[in-house]
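Start from the sequences and build out the full structure, keeping to the hints where you can.
These protein sequence lines map, in sequence, to chains F and H.
In terms of the working numbering, the first sequence has 176 at position 176, counting the first letter as 1, and numbering is strictly consecutive.
In terms of the working numbering, the second sequence has 1318 at position 318, counting the first letter as 1, and numbering is strictly consecutive.
Source of the hints: derived by calculation from the structure; they are not laboratory data.
A couple of the hints might just be wrong.
[What the hints assert, rightly or not] Derived CB-CB ranges, DEER-like:
1) H:Arg1322 / F:Gly115: 31 to 37 Å
2) F:Asn55 / H:Ser1210: 55 to 61 Å
3) H:Leu1313 / F:Arg86: 16 to 22 Å
4) H:Val1275 / F:Arg278: 38 to 44 Å
[As the list claims (entries may be wrong)] Where chain F lies over chain H, by a calculated footprint (3+ residues, C-beta under 8 Å):
5) 1056-1066
6) 1123-1135
7) 1299-1313
Treat the numbers as computed from the prediction; the structure is a model and nothing was measured.
Think of the CB as a built atom: it goes at the ideal place given N, C-alpha and C, for glycine as much as any other residue.
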Amino acid sequence: MEALTSILFHGLAYAMILYIVSVGLSVTMGLMGFVNLAHGVFAMAGGYVTVTLMNTYAVPFATALLAAFIVVALISVVLERTLYARLYGASELDQVLFTIGLIFMSVALVRWFWGPLPQPIHLPAILSGQLDVGFRTFPMYRTFLIVVGFILIALLWFGIERTNFGAQLRAAVDNRRMAESIGIDTRRLFSLAFALGSGLAALGGGLGADILAIYPGYATEYLVYFLMVVAIGGLGSLRGPFVAALLLGFGDTACKYLVPQLGTFFVFLAMIGLLLWRPAGLFGRA
Amino acid sequence: MARSPVDTLIRRHRLRAIELLPWLLAIGAYFVFGDYLALGSQILIMILFALSLDLVLGYAGIVTLGQSAFFGVGAYAAGIYAAHVSGEPLSGLLVGAVAAAVVGLASGLVILRTHGLTLLMLTLAVTALLAEVANKASFITGGADGLQGVDINPILGVFSFDLYSRTAYIYCLVVLFLGWLFVRRLVHSSFGRSLVGIRENTVRMHAIGSPVRRRLVTIYTIAAALAGVAGALLAQTTQFVGLTVLGFERSGEIVVMLVFGGIGRLYGAFIGATVYMIAQDTLAKLQPEFWYFWIGLLLVLIVMFARGGLLGLVDKAIRRFR
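If you want it as structure tokens, here you go:
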């Protein structure tokens, strides 16, 4: 029982980070069919902005996160307009090569400026304690992650399901040419979605800095996880990646907790099985 | 007079004089750069590895980031064989090839049913899975410390490996030559042409009755075996196997080498791997942190401006010249 609550709790916190980072990727891939392997770079950048602002300039955690969101969203939209946009409709291989190029460049830059070691994050005192709920205590930081995760998800769902922007986005994902022919400016829409998705990734990187360590290998080490969330969830959906993130979060935590000698072996095996069973993802359309 | 398609294919298969150039250079390098033969062996190994990737990516058009899985399996199989069974090198190569082929066949059978992002994802996942196995099964692979105790006997009982990598260089060169002969024969065969057909138009190949999936699984397995041989060569010549053989960087690097030389043209692997390895050896010494930055930048530039890599640029230059 003790073990089960621990796994569920830690798994849920982990799933939130995975979801916040990956959801933007799902939209980019679903909307423009762009294989963006460099999505993790935006999360990494967000993490570095957050820890640098906090450690060097003593900026409060919340402000640093907001700054990370804005800075990375701006950088991403510049990249999108100047580079990504030239490769819409290009072959999958070209997109893969281009984004691997971006990964290599960002890894080198990050190592140049910050060195190879993981960046420590000094959480505010209120987040570093334990939350006592009577029958047992939970780490405050992870509780905070879960709460923030649910708030962000609620905002995201409201934005996509209830606003005009969201309706346009859904229309464009469903059928881009039809959406264009009724007057939706899909280029502008896509730039916005791209910036938003990258900003969210940055937020995830900053929020999760204590779980997914901020170091130069970030973009490659966790790439498989981010991609898996999207591939298993199904492209262009919001619900799919959430379910996938939950599966991955619980599965990964359970494996590390119960069978540490096997590590993540079973997680990868299960993910391969899932993808073979549903190649288009759990909620994707084949 | 118009040539028949059969003539064109036969002409293409005929050995041209220029195709001997890489081999003459490689033999010449043995005498001229006697101090750099360790690097030379590494280059030859990477060429073989890139050739295997060219079969899958360049000819069959399977976008994979998991070719290092087979390189790694070959390296570990050959390394473990040498450490625990026998230090005989040629049987070690065979062990590496067979182990990689088995993994290639098994994974190919399941993952080649998918395509696009899912396939890409699965190639990554298979590699990550194997890396985790190598990491956790430390009682046999050495885990994060790497596999130690890889002692290799003299080749054929005569040529022992020396400190200056002379034997290693010749050994790698001979294996690469045989591998190249095989690959060259393969891509010019009707099987090889059907792979190009699948790459260019899968639907049409289905329509004319080509067993598409069986072809893809076959080439995936063959390429896996070749990558396994390359991995085994690395294990034998460096007498060490580390976890990096299964890393994402390794997969990325080999794709970069191939793309840099030019994909789907057999010799891209030669040029790309040679230039990459030499550049890495010199530039990485000066600025080790920044090496990946230049590679990344180069990759972006190639995608934007020079599809076809260095050989593609050479083609363009020749066409303009005429």
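- Message: Tell me the hint numbers this structure goes against, listed in increasing order.
- Response: 1
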